[in-house]
Amino acid sequence: MSQTLLATTCLECDAEVPWENDARVGEIVECPECRTELEVESVEPPRLVLAPEVEEDWGE
Amino acid sequence: MNSATLRLGVLASRVRFEEKCILAALERRGVACEQIDPRTLAVRAGAPWTGPRTVLNREVGHYRALYAASALESTGARVLNTAAAAAVCGDKWQTSAALVARGVPTPDTSLALTPDAALAALEQFGYPAVIKPLVGSWGRLVTRVTGPAMAAAVLEHLAALPSPQSHIVYVQREVAKADRDIRVLVVGGRAVGATYRRSDEWRTNVARGAVSERCPLDPGLTELAVAAAKTVGAHIAGVDLLQDPDGRLTVLEVNDRVEFRGLQQSHGTDIDVADAVAALLIEEAQA
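Chains as they are written, first to last, in this note's numbering: chain U, 1 to 60; chain S, 1 to 287.
Simulated from the structure, these hints should not be mistaken for lab results. Possibly wrong hints are sitting among the right ones.
Unchecked claim - For each label pair, taking beta carbons as the anchor points, the in silico distance ranges come out as:
#, chain 1, residue 1, chain 2, residue 2, range
1, U, V25, S, W138, 21 to 31 angstroms
2, U, S42, S, P128, 16 to 26 angstroms
3, U, E12, S, D244, 41 to 51 angstroms
4, U, E44, S, R53, 42 to 52 angstroms
5, U, T9, S, P105, 45 to 55 angstroms
Unchecked claim - Some chain S residues well away from chain U (every beta-carbon gap over 10 angstroms; in silico):
#, residue
6, A24
7, A207
8, E259
Claimed, not checked - Some chain U residues well away from chain S (every beta-carbon gap over 10 angstroms; in silico):
#, residue
9, T8
10, T9
11, E12
12, A15
13, E16
14, E33
15, T36
16, P46
17, R47
Don't be surprised by glycine CBs; every beta carbon is placed ideally from N, CA and C.
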């Protein structure tokens with residue numbers, strides 16, 4: 001069961017973004033305030049970047 | 001080979017529910033797994049590949065997935081699904097052609113080489129009919145046309161698009177159906193589970209808000225889904241089917257990097273898609 005241990009900051013609106021302890025690099029988290037998609041760039045240390053925009057050939 | 005000594009890779013730029021579950025399943029099975037991000041991947045032709053010898057392709061972008069598979073295979077790595085399967089599954093016409101060639105039931109489809117030719121092809125089917133982009137997912141730009149005036153307008157827009165591929169038009173006779181389609185997950189030639197995807201909209205993609213409900217697997221559904229996956233060469237496949245009011249099943253498409261969140265959640269703990277994928281990956285690596 002994942003558990004929120006700490007929070008990082010949204011790059012768009014500065015709100016606190018909960019950090020799950022089973023986070024993985026490449027995972028997308030959503031800012032609870034502004035709904036911006038953020039990508040987990042690094043787990044140790046926890047670091048978020050803005051997620052790339054969805055491209056036309058994405059999905060299944 | 002001991003599973004602890006296997007070197008497996010999962011190719012993904014975006015770690016979604018599915019990738020997270022697969023990575024966790026591999027860890028539970030005691031297998032070390034390397035995440036390969038295609039955004040930082042460059043493969044030199046003819047140079048030895050020092051990465052994992054067996055790679056699961058979970059890249060979200062079709063072209064990146066296709067070329068990554070091809071590049072890794074050129075180094076001798078084993079990629080699931082293969083680049084050949086990704087090329088067929090990622091292109092709606094290649095899929096239709098493969099299904100028809102093997103006698104797998106699929107909706108009546110034409111490939112028109114110009115938008116003008118598409119109008120004539122649509123006339124043969126009658127309306128409503130469906131125009132789809134050759135490449136694309138989540139129901140994007142799939143258009144149901146209800147008559148010739150609407151079709152002409154859509155085709156005029158296609159003709160104005162800059163990409164030459166947009167001018168090759170895939171058209172399909174509409175299948176009369178209930179408000180749902182069926183997705184069957186096939187892993188290693190075995191149907192793992194199935195869901196109905198129900199929507200208020202005519203496109204029943206979960207990405208468009210469709211809801212997944214558990215669908216019982218019967219022999220007819222299982223046989224057809226397994227045959228469709230085999231036809232396109234996919235070891236791991238999400239086979240999308242429609243059932244017409246008379247109960248006849250047709251295969252709409254086969255997804256080679258299938259999303260299965262809705263299917264998994266509708267089954268609770270009764271099935272474990274990610275673990276089935278992990279088991280197949282380990283088996284392939286040991287082969």
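Beyond 10 angstroms from every chain S Cβ - status for E12(U):
holds, 18 angstroms
Verify that the Cβ of A24(S) lies farther than 10 angstroms from every Cβ atom of chain U, and report whether the claim holds or is violated.
Since the minimum Cβ distance to chain U is about 8 angstroms, A24(S) lies within 10 angstroms and the statement is violated.
Just want to verify: E259(S) was marked as not at the interface with chain U; is every Cβ pair farther apart than 10 angstroms?
violated, 5 angstroms
Against chain S, does P46(U) keep a CB gap of more than 10 angstroms to every residue?
Holds: least Cβ distance 15 angstroms, greater than 10 angstroms.
Is the nearest CB of chain S more than 10 angstroms from the CB of T8(U)?
holds, 17 angstroms
Reported absence of T36(U) from the contact zone with chain S (all CB gaps over 10 angstroms):
holds, 15 angstroms
Take a quick look at A207(S) and tell me if its Cβ sits farther than 10 angstroms from every Cβ on chain U, holds or violated.
violated, 6 angstroms
Is it correct that the beta-carbon of A15(U) has no partner in chain S closer than or equal to 10 angstroms?
holds, 22 angstroms
Between T9(U) and P105(S), does the beta-carbon spacing fit 45 to 55 angstroms?
Holds, since T9(U) and P105(S) (Cβ atoms, about 53 angstroms apart) stay within the stated range.
Given as non-interface: E16(U), which should sit over 10 angstroms from chain S by C-beta
holds, 22 angstroms
Over 10 angstroms to the closest beta carbon of chain S is the bar; see if T9(U) clears it.
Holds, since 21 angstroms exceeds 10 angstroms.
Could you check the hint for me, namely that S42(U) and P128(S) are 16 to 26 angstroms apart, CB to CB?
Roughly 50 angstroms apart at Cβ, these two residues miss the hinted range, so it is violated.
Hint compliance for this structure: hints 2, 4, 6, 7, 8 are not met, and every other hint is.
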